[in-house]
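Sequence order for the protein chains is A and B.
The first sequence begins at 1 in the UniProt record's numbering and counts up one residue at a time.
The second sequence begins at 1 in the UniProt record's numbering and counts up one residue at a time.
If you are wondering where the hints come from, they were derived from the structure by calculation, not from laboratory data.
Do not take every clue at face value.
Computed footprint of chain A on chain B; a stretch qualifies when at least three of its residues, placed anywhere within it, have a C-beta under 8 Å from a C-beta of chain A [said to hold, decoys possible]: (1) 77 to 88; (2) 179 to 186.
Some chain A residues judged to face chain B by a derived CB distance under 7 Å, without partners named [to be verified]: (3) F10; (4) P88; (5) Q90; (6) L127; (7) R162; (8) G163; (9) G167; (10) T491; (11) E495.
The beta carbon of each residue, even a glycine, is placed where N, CA and C say it ideally should be.
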Amino acid sequence: MNAVIALCHFCEIHGPRVLFCTQAHHAAEPQHVLDSKGEEYPSTFGHHFHKRPRSSTNESLSSVSSDLTTCSSASSTEHCEACRSFQPGQPGFISNDHEAKISYISSQNPEHPELFTIIRQACIRSLSCENCQGREGPIFFGEDYYGYTLSYMFIIKDTQARGLQRGYSIIVVMMDKIYLLNSWPFLVKHMKSLIDELKSKSNKVYEQEQTQRNQRAERLHREFLSPGDFYRGGVNKPFRALVVLTGDANLFKYLHMRFSWILKAGGNRITEKVLEGPPLEEAVDLDDEEVTEEGFIKVSTKPAVPSSPENPSQSEGHQSEDELEGDEGPVFSSLQHLRAVLGSLNFHDVAYNVLIGNQLIARADCKSTLKSLFKVLKVILPAGCCRIISHSPTYQASWKCNFLGLSTGTELPEHLITSEVYLLLDVISPVNLKQDSNRVVSRTAGPFKGHGISITSSSVVPDKVPTILSRIVTTLNNSDLTPEIVVTVLTTLKEEWMNKVKLLFKFTRAGSHTDEDTEKLLKILQAKVEDKPLLRFWITALSSQYRSHLLTSIMGTT
Amino acid sequence: MSSLEEGSGFGGDERYCVVGSFPQEFHYSQEGHNGEVKVSDSDARPRILLMGLRRSGKSSIQKVVFHKMSPNETLFLESTNKIVKDDINNSSFVQFQIWDFPGQMDFFDPAFDSEMIFGTCEALVYVIDAQDDYMDALAKLHVTVSRAYKVNPNIKFKVFIHKVDGLSDDHKIETQRDIHRRANEDLADAGLECIHLSFYLTSIYDHSIFEAFSKVVQKLIPQLPTLENLLNILISNSGIEKAFLFDVVSKIYIATDSSPVDMQSYELCCDMIDVVIDVSCIYGVEREGDESAYDSESSSIIKLNNSTVLYLKEVNKFLALVCLLREDNFDRQGLIDYNFLCFKKAIEEVFAIREKANGVERGADYAALTSDSLDNTQANGLVATKS
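Same shape as in the complex, but just chain B (with noise of 0.2 Å):
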């Protein structure tokens, strides 16, 4: 329907003032062109869709993820009475839309159109609220996901088992395998096995919606393979047991190695990020006018009692590694240091090659990138720390 788009079309301009405010430096790949392109692009950009039953948490959740807003303010959140766009394009290195929408409404009446809503969507997120009844919530994740998947079936769907702070953890997982058992069974029994859902378990009061979040990022960078590889022959080399590749502003992990993550690690290096981003806002901002309290000087090293050190590089404006590793492997720290540059060097490369392909070949570039810049890489000469 029409009307839907006029929100757009209003946040396009709103997000084309935010552009003009920024230097140019700020902008990656596609951005750092002009004006023109990013019109063009901004309804091409991956679109993820919140939605879910009224008080389920959907805009709670994008204010805390995007928006830094404090979980107790979450509770003052008034009720979303239309499809809030919210583009996550400029302010960090993801680029997305985050489209929240009021849970009392039937998007699926034809007074709208629901192909312009769901045609082009990357991933659903459908919010369930676990301290409530989720029954109902069940019933219509059903209709949502068979309906958006008649329209769009290359819509990833993911299930947020929401609110979970007041459950106990055997109450966790026991809810978690009751809304999976029910949910697929649904399924099934409409003859749509073929549709995957995946299921979180999250919480605005800890890290796990960021977590979560990460996951259904993630999977809209086409990148992160390459940058997968990257880090896992970073950590290789220079004695790193866990690295991420942070989005500094959402706190988002948009890639890491392929060893398992655990919970407390990445909330740790959140909580560094949280450390460097206020030390930086009360003692590191000298010069006039630039505000932003990350910068390429941006680096820091905590030491943990237990013998672990977490370190953290900034690799561009938006992005930030950081390690954990052992306090033994940190003795040779110029090493790990040097090896970081060559990592730097080829997440530049990964992102001056998506510059060029200009979506066209994009698969077939991708490929010869990632064999290109692991080539590259062990060029540029990453020492091994255990020799």
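Chain A on its own, in the form it takes in the complex (with noise of 0.2 Å):
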């Protein structure tokens, strides 16, 4: 458990103090426990370890005395013998646990400037400012900079003491107010049990010294005996420490055992454990191999299109796609760059289609500018959603692929042309380039100077796009950004949406709901209607492996 506990007492001369803290220091991680911000601070454990090298592995709390001789930064002068656990020069504790590599070490402070700082603050806090109902008990307090605080307050008698009585807190102090918190049943219990166990020692004490002499009767009569000096020769005697009062001269010992134990109990009855939704289904998909994740079956992506030819003759264009890889056509170098060429009504267009899962078919004169093509728009897509051919010579269905390239001239099939959803992009080289109506002549400077561009579409873009769609167009249309991180807001975007389509897909297969449900969960979801062709066209996107592995998984822990 990442935390310090400290006993803290209320000196009468002093006022609060630390008198004995107990920290846990980690072999792996050198800096002192309660420090996020990383300074470097030696490693008690990994010294002592490798110095005291012990056979006993499993009884891992076994208390040690060793020559931890920096105990007390404070000096001894500014300590009496009721604020101070440890003789000047005397070491502290330490308990080695070698199975998890921590050392728990009790001294009268901590000897992180900063870590005493928080932790003398937290005692002025639960001894001088904070109330508790009916003066003992826990409280808890704290804020982000100095740490939160688990306060224990109790009393312990003292007959010799001002009002009979001397105060004393525990406190448990972390920087992790949920983890705390949530410790609090458990820390608690165990500080209550440690504390009754205290009062009960020091009230044999306290009923025994007041049998021999009472001390209010005695205090009265002193009083009046002679008026005005009746306490004097209480100023100079000297306050007297816990052991004492508990009459237990190894008790700094025992409570090193015990603040340990809780130290060590605490951080084994919680874990934490970083929650992470499901994977993402582009670093699954991608991955031709087996991905195994904390149980996490092999997961065996869908025959991918373009790796898995299913006639020879695409396996030929394949073949001969990669030999024509350095042919000369023009290339697409960047979505900007597609865009530029396109102009942006255009690719508003093409984007829209694509992002819906329309089939986009392309022709052009050369492979490399189709490859370069679908290269570029595959951005935008998720990863399972892209089926591309590349380069085919004939028409390919939709179902197939929404991806198609095809060389300029080639016929497209009737009963395309008449029913289904696609768009069609031509791309036309100069050399062709005929008194076209429909075509839009390249301008820019570029490869594709001279270029001639024209857009077939069966399909019309409504007026409100996907909301994913406007975030694209806004990104791009911010000249401020490098591609590069134009490529990562786009990833972003697209694992946002996914993990919407994701908690959709539970959704839908998760039993019986209605409609109303649904549009509730959208809503949530911040999905409108005109997100809705885009989800439903990316749920596909989720292989069945991974399909059945969202299923199966308990929501708590996805």
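Both chains are sitting in their own frames, so use the hints and assemble them into the complex.
Here is the structure:
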């Protein structure tokens, strides 16, 4: 448990003081326990661990008095008997947990100056600022900067103290509020049992002293004998240490043991775990290899279209494509480039059709042009949605691919033109450029200068486009962004929407639900009506293995 | 620091409960309206800080003066470990907060919000244990005063040279002189001559602590000159030698006439209040549910064998007028009673104005009030005895 436990005392002379504090040092991370800022700090664990190798490994909490000499940072003159747990020069306590490679170290004050401030602050607040109902009991307070404290105040009887009692508190300081509050029942239970022990010990001593000489009577008596002078003697009397009050010489060793145990057991009680959503579909799909993560079975991707030729001709095409990699055709280098060539309106249409899964048929002279086109457009779709045939001599049906590359002049079948939803993009080389009413000639400098662009589409782009498209357009409009940043932005956008898709998928498969419920979910996901076609298409990106994983995994752990 | 404010919030709640348990007529001025005024008002309430080294007797003073603790019981007080805030606003006429500080801690430490502590405080009472070696206390006094002055130059500084019951009379004077000299020298050395310190010899075993606290509290009452004026008129017209206007609960006198205060007569008056309250407690309470031993009918006459008469009359729920007069002058008791009625009426008017004034234009109102009420009293026809 990344916490510091300390025993604090309101000293009659010095006010609130830290008496005894136990902290855990991890061998692996030499930083001190609370410091998230990662200041370098010598690892006491490592030091002692190597110096004193011990055979006992399972009995981890073996208390060893070590040569830890720098237990008290404050000079001894500032401490009286009552607010000191170790004599000057006396070593602190250390226990090594060899299995977990953790040292539990007890000293008067934490050595690390920053930690010292935090603990001291908590100590002052615990004893002198916060009010606890009934004076004894647990309270919680804190803030982000100085950490959070669970403080248990208690009173020890002392025949020689003012009011016949002295105030103490046990504090647990942690930076993690949630963890601390979740540990409340555990911590309070064990603090209370420890405090009860201390109190019963001290009560015995108190009773014994009271029977010997009744302090109350004596004080009144003394006062009447010499009014005014009654308490002079008491002022110079040293205030007694907790060891004396409880009559237990090994008290601090015992406290060390208890505190270390609380730290260890508290740490074992709740394990912190990073909560992760379902694994990224992209990560899974792009990997053809087996992906096995924490009970995640081997994911076999669907036969990827480009790499699994179904007919020889396509295979040939694939082959020749590789050979023709170097053909001189103009290539699209990025989405921005594509947008510049197509013009923003055309690009908008193309992107819309691509996003909702309509088939994009591109015709161009050079295969490298087609390849680069698909490569660039692929970025805006989840990997699972991309079924690319970058070049085919004949038309391929839309269930086979949503990106289809054809040679210029390849005829499209009649049924496609009449019935199906598609977008046809023609890149016409300057040589073949005819007087065509439908063409746009790219005039921008670059490889496409003089090329004609023609777009034919059977689908109508609605006024309201999916949210993600508007976001993509906004991103591309921003000229300050470098292509790398654009890719990153698009990736996060994709992830964001894929997560929605996953949720939606899980929800639709999770049993009966009404349309109303679906609407509610969409509202929560901030998905509007115009996003629906996109969501519907993107669900297909989830592989069957992935779907079953999503469905079988428990809600809480995904 | 935020943590310090938590206490005040808590205290506020507590006080609020107390308010609810009192009948409406227990409250004066602003108190009478409703709860909302109270809440917004609570922070503006004058604040008295009790500071000093540990064991100097701060908590004892607070307990004895405001909580009727027996001085012997203070032996069993435990050390104060946090700032104890005590609201003295509804149990008595005097309205203020007392903050009792733990002597062990340095509240000028950056961890504490000294602006919050000293910024709005009216008076700082520094307690020095006269029976102990007071050199440390003086050093701390100097630090406290100079720093608090920096935060808020309007603080009135009072030094209680406390526990003087153990000192002989000569020793008392000697101690006071020594402390006075050293403290002022320290301030002069630091170039802070402008800070005025008042010194009082106090002890919880006699009335000196009440007397000293009366002086502190009087400084917080803006109507003090008016009240003194009224008392002067009353005694000169009724043949009274000395008159105190007492806060019954704390036995602090909030005003007296301008003749010098004799410690003995003050003690006599204090004791008289105790007697009246004790007797009423035992024999006076008849009605069920009314726990108060002090009501509008309260009045008492005690004749002493040195031909002096002590005369106590109720002024309002929290105030009593206690007079010392020669037995000869007490012949015309009816006249005194009549004059007292006029006085009582005038007092009511003073606080009725305060209720209306609501804090704004205070000074002007009081100035006007002073002459008004004086005119009224005369118009009401105080009858002079020595005619």
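query: For the hint on L127(A), does the least C-beta distance to chain B fall short of 7 Å?
result: holds (6 Å)
query: At a threshold of 7 Å, is the proposed contact between G167(A) and chain B supported by beta-carbon distances?
result: Hint on G167(A): holds, closest Cβ of chain B at ~5 Å, below 7 Å.
- prompt: Three or more residues of the stretch 179 to 186 of chain B near chain A by CB distance under 8 Å?
  reply: violated (count 0)
query: How about the stretch 77 to 88 of chain B: do at least three of its residues have a C-beta closer than 8 Å to a C-beta of chain A?
result: Since 6 is at least three, the answer is holds.
- prompt: Would the hint on R162(A) stand, with a C-beta cut-off of 7 Å toward chain B?
  reply: holds (5 Å)
- request: Would you settle whether the hint for G163(A) is holds or violated, based on the nearest Cβ-Cβ distance to chain B being less than 7 Å?
  value: Status holds, d = 2 Å.
message: Quick check on the hint: E495(A) CB to chain B CB, less than 7 Å?
response: This interface hint is violated because 41 Å lies over the 7 Å limit.
field: Restraint outcome when Q90(A) is required to lie within 7 Å of chain B by C-beta distance
entry: Violated. Min distance 25 Å.
field: Interface restraint verdict for T491(A) against chain B (beta-carbon cut-off 7 Å)
entry: violated (43 Å)
- prompt: Does the interface hint hold: is P88(A) within less than 7 Å of chain B, judged Cβ to Cβ?
  reply: violated (22 Å)
Proposed interface contact between F10(A) and chain B, which counts if any beta carbon pair is under 7 Å: holds (4 Å)
Taken one by one, the earlier hints fail for this structure at numbers 2, 4, 5, 10 and 11, listed in ascending order.
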